[in-house]
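If you read the protein sequences in the order shown, they are chains A and B. The first sequence runs 1 to 92 under the UniProt record's numbering. The second sequence runs 1 to 161 under the UniProt record's numbering.
The hints are simulated quantities; they were obtained by calculation from the structure and are not laboratory data. Small disclaimer: the values here were computed from a predicted structure and weren't measured. Do not rely on the hints blindly, as some may be mistaken.
With a cut-off of at most 35 Å between alpha-carbon atoms, the simulated DSBU-like pairs for lysine-lysine come out as follows [unchecked claim]:
| hint | chain 1 | residue 1 | chain 2 | residue 2 |
| --- | --- | --- | --- | --- |
| 1 | A | K47 | B | K48 |
| 2 | A | K42 | B | K96 |
| 3 | A | K47 | B | K96 |
| 4 | A | K27 | A | K47 |
| 5 | B | K25 | A | K27 |
| 6 | B | K100 | B | K62 |
| 7 | B | K15 | A | K27 |
| 8 | B | K62 | A | K27 |
| 9 | B | K9 | A | K27 |
| 10 | B | K72 | B | K100 |
| 11 | B | K25 | B | K96 |
| 12 | B | K62 | A | K47 |
| 13 | A | K42 | B | K62 |
| 14 | B | K96 | B | K62 |
| 15 | B | K48 | B | K72 |
| 16 | B | K15 | A | K42 |
| 17 | A | K27 | B | K72 |
| 18 | A | K47 | B | K72 |
| 19 | B | K25 | A | K47 |
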Amino acid sequence: MSSRRSRSMQSGSSRITEDQITDLVSKLQRLIPEFRNRRSDKVSASKVLQETCNYIRSLQREVGDLSERLSELLGSLETDSDQASIIRSLLM
Amino acid sequence: MKTPSNSIKRRFALKFLRTLVRIRKSTHQPSPSQSSTWEIRRRAQRIKLAAYSSMARTVGSKRAWSRALTMKLRAAMGNRPWSMIKQESKKMTRRKLIAKRKRHMEKDLNSGVQELRRLVPGGQWMDPLSLMQETAHFLRCLETQVRVMRSIVAEGEGFPC
Numbered sequence: 001m002s003s004r005r006s007r008s009m010q011s012g013s014s015r016i017t018e019d020q021i022t023d024l025v026s027k028l029q030r031l032i033p034e035f036r037n038r039r040s041d042k043v044s045a046s047k048v049l050q051e052t053c054n055y056i057r058s059l060q061r062e063v064g065d066l067s068e069r070l071s072e073l074l075g076s077l078e079t080d081s082d083q084a085s086i087i088r089s090l091l092m
Numbered sequence: 001m002k003t004p005s006n007s008i009k010r011r012f013a014l015k016f017l018r019t020l021v022r023i024r025k026s027t028h029q030p031s032p033s034q035s036s037t038w039e040i041r042r043r044a045q046r047i048k049l050a051a052y053s054s055m056a057r058t059v060g061s062k063r064a065w066s067r068a069l070t071m072k073l074r075a076a077m078g079n080r081p082w083s084m085i086k087q088e089s090k091k092m093t094r095r096k097l098i099a100k101r102k103r104h105m106e107k108d109l110n111s112g113v114q115e116l117r118r119l120v121p122g123g124q125w126m127d128p129l130s131l132m133q134e135t136a137h138f139l140r141c142l143e144t145q146v147r148v149m150r151s152i153v154a155e156g157e158g159f160p161c
């Protein structure tokens, strides 16, 4: 990866250190199922970001797929069936 | 770092279900014939937008990503909030400049951060720190959204017609 020289990003009022970003990246790491089992800090920041992107994309794909299935369900729903009453009771 | 709670799950589920009922009412065919593939696909698109919009409304204006998503969805759904977009972009101009400068410095993390900026609503204009924080919250909400949708589908598919 990169050299270990410390880097601070200065721009106007805010000053961000590499440590701050590393800290947040490790927090992000704990949210990704791919890395939750691995307790070590050996995962590189760029790998975490990459996996985060992959994970977000897979979730978005799943939203699309689930929407299709919901659409089919809504199409096949009878007016006074069990499904409709379940939805109604969930809304109470 | 704040993370979404169970109340977000409940409030999202309620909003989303209400929208589903509305969508069904407006697209339901009185005849027993099946909806066409095209109708199913079109309704699926509405459901997808409803899911994201319900989550954005649940989170409200508290997070930058939910504000950005709300604006994006309004544009997608045909409202013309050009005045709102112009206002927001005036605020964003200085932030954009700062963000642009910082992007030049994100050499090693570059490709990952750039991609993340595209995936997280409003990510283009965030500084790296905020981007990480917003990503974490956005991710948790997206997971919640998927979990709720999965359970609704499971309920629906679990009952054969």
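Taking the hints in turn, this is what the structure says about them:
1. A:K47 <-> B:K48: holds, 29 Å
2. A:K42 <-> B:K96: holds, 33 Å
3. A:K47 <-> B:K96: holds, 26 Å
4. A:K27 <-> A:K47: holds, 13 Å
5. B:K25 <-> A:K27: At roughly 43 Å apart (the allowed maximum being 35 Å), K27 (chain A) and K25 (chain B) break the hint.
6. B:K100 <-> B:K62: This hinted pair holds, its Cα atoms lying about 24 Å apart.
7. B:K15 <-> A:K27: Since the Cα atoms of K15 (chain B) and K27 (chain A) sit roughly 30 Å apart, the hinted pair holds (cutoff 35 Å).
8. B:K62 <-> A:K27: This hinted pair holds, its Cα atoms lying about 21 Å apart.
9. B:K9 <-> A:K27: holds, 22 Å
10. B:K72 <-> B:K100: This hinted pair holds, its Cα atoms lying about 21 Å apart.
11. B:K25 <-> B:K96: Cα-Cα ~43 Å, so violated.
12. B:K62 <-> A:K47: Since the Cα atoms of K62 (chain B) and K47 (chain A) sit roughly 29 Å apart, the hinted pair holds (cutoff 35 Å).
13. A:K42 <-> B:K62: holds, 34 Å
14. B:K96 <-> B:K62: holds, 20 Å
15. B:K48 <-> B:K72: holds, 14 Å
16. B:K15 <-> A:K42: violated, 41 Å
17. A:K27 <-> B:K72: Holds. K27 (chain A) to K72 (chain B) sits at ~28 Å (cutoff 35 Å).
18. A:K47 <-> B:K72: Answer holds: K47 (chain A) to K72 (chain B) is near 29 Å, not above 35 Å.
19. B:K25 <-> A:K47: With Cα atoms ~46 Å apart, K25 (chain B) and K47 (chain A) exceed 35 Å; violated.
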